[in-house]
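The listed protein sequences correspond, in order, to chains D and Z. For the record, in the first sequence the residue sitting at position 134 is 262 according to our numbering, with numbers rising by one throughout. For the record, in the second sequence the residue sitting at position 82 is 210 according to our numbering, with numbers rising by one throughout.
Hints may be right or wrong, so weigh each one.
The list treats identical chains as one, so a pair stands whether inside a single copy or across any two.
Simulated crosslink set (DSBU-like; lysine-lysine; CA at most 30 Å straight-line) [what the hints assert, rightly or not]: (1) K195 - K213; (2) K178 - K252; (3) K178 - K253; (4) K272 - K195; (5) K178 - K249; (6) K272 - K213.
Derived from the structure by calculation, the hints contain no laboratory data.
2 protein chains.
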Amino acid sequence: MKRTSLAGDSCPVARALDVFGDWWSLLIIRDASLGRRRFGEFQASLGLAKNILATRLRTLVERGILKTVPASDGSAYQEYVLTPKGHGIFPILVALRQWTEEFDEHPNEIATILIDRDKGKPVKKLALYSQDGRVLGAADTALKPRPAAKRARRLAST
Amino acid sequence: MKRTSLAGDSCPVARALDVFGDWWSLLIIRDASLGRRRFGEFQASLGLAKNILATRLRTLVERGILKTVPASDGSAYQEYVLTPKGHGIFPILVALRQWTEEFDEHPNEIATILIDRDKGKPVKKLALYSQDGRVLGAADTALKPRPAAKRARRLAST
DNA sequence: CTTGTGTGGTTGCAATATTAAACCGTATGC
DNA sequence: GCATACGGTTTAATATTGCAACCACACAAG
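With these hints in hand, go ahead and build the complete structure from the sequences.
Quick look at the structure:
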């Protein structure tokens, strides 16, 4: 009766959700990408129970999304920062943000806008492109079975 | 002790997660975007308990992600199809997929590739662009407070 | 060195959510 | 008309979440 794990699923969407698809992880990752690093910062920002935060941080570290580093202020505590794998989640956060911006019933409750730091102007909407540069909607795409993995034939027999 | 709702949060990421950020909703939406429409199709595909599926479908309909339509095969049943608001989630699914493709420890377990239906070639990676066309990473962006909502001044006093 | 306080957790218990399985009403299918 | 499939609802067991109390350690003051 455990919550069913999606880890073995062959769908890449399910596999991603298995890693950070629970109720709090993406918000922790969002906070981390905004520069929050300390247990207390996450807890104050998110308002979640400390035991939940502790287990989430632990599993995110285990899964290679976050890593712990010695505190930057010289104290004996540790801080949590994103790994490259964690930074790779950024486009997902942007996609979530843009969906709310476009479809939320109460857009006036949205507090912030994502801007290009250099020019200070709002970013463009994420768009999916074909290799020859056309913008693709969902209906313009399809799923193809992945080609079988390349076997390292020489090594396979050793 | 209810699971804390994120509905009133001012962060657009949290607001999106409040709508479809639970363990199953995004997978239902993924299935819907693949053309699955019937209760039984979702249940067989996802392997989740039927009561959970029933409540998820109900709330997704309430929230305007799915809508029910009369069954396409003429039977008395109903089917669930994405609304425009639901179709808007497609980029999020793509972003999740691409994250797995890039960072998963066992990429050989991924079954499918997303291709451009027209040419049959893999799509490009989603990228975030500034208004003048530069590709932006997380570090090239910032958050700005949203300008106050435009008040309809004339109407405000009536 | 002793006390006090802030940080970063852990533990225990109550509430809620998820699950599997049994059950049920309505349509078709024969 | 009878059986069976579909689309759920109900029930009971188990898991997860949330809150609050507690605790250990670091650091600072006296």
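In rising order, the numbers of the hints this structure does not comply with: 2, 3 and 5
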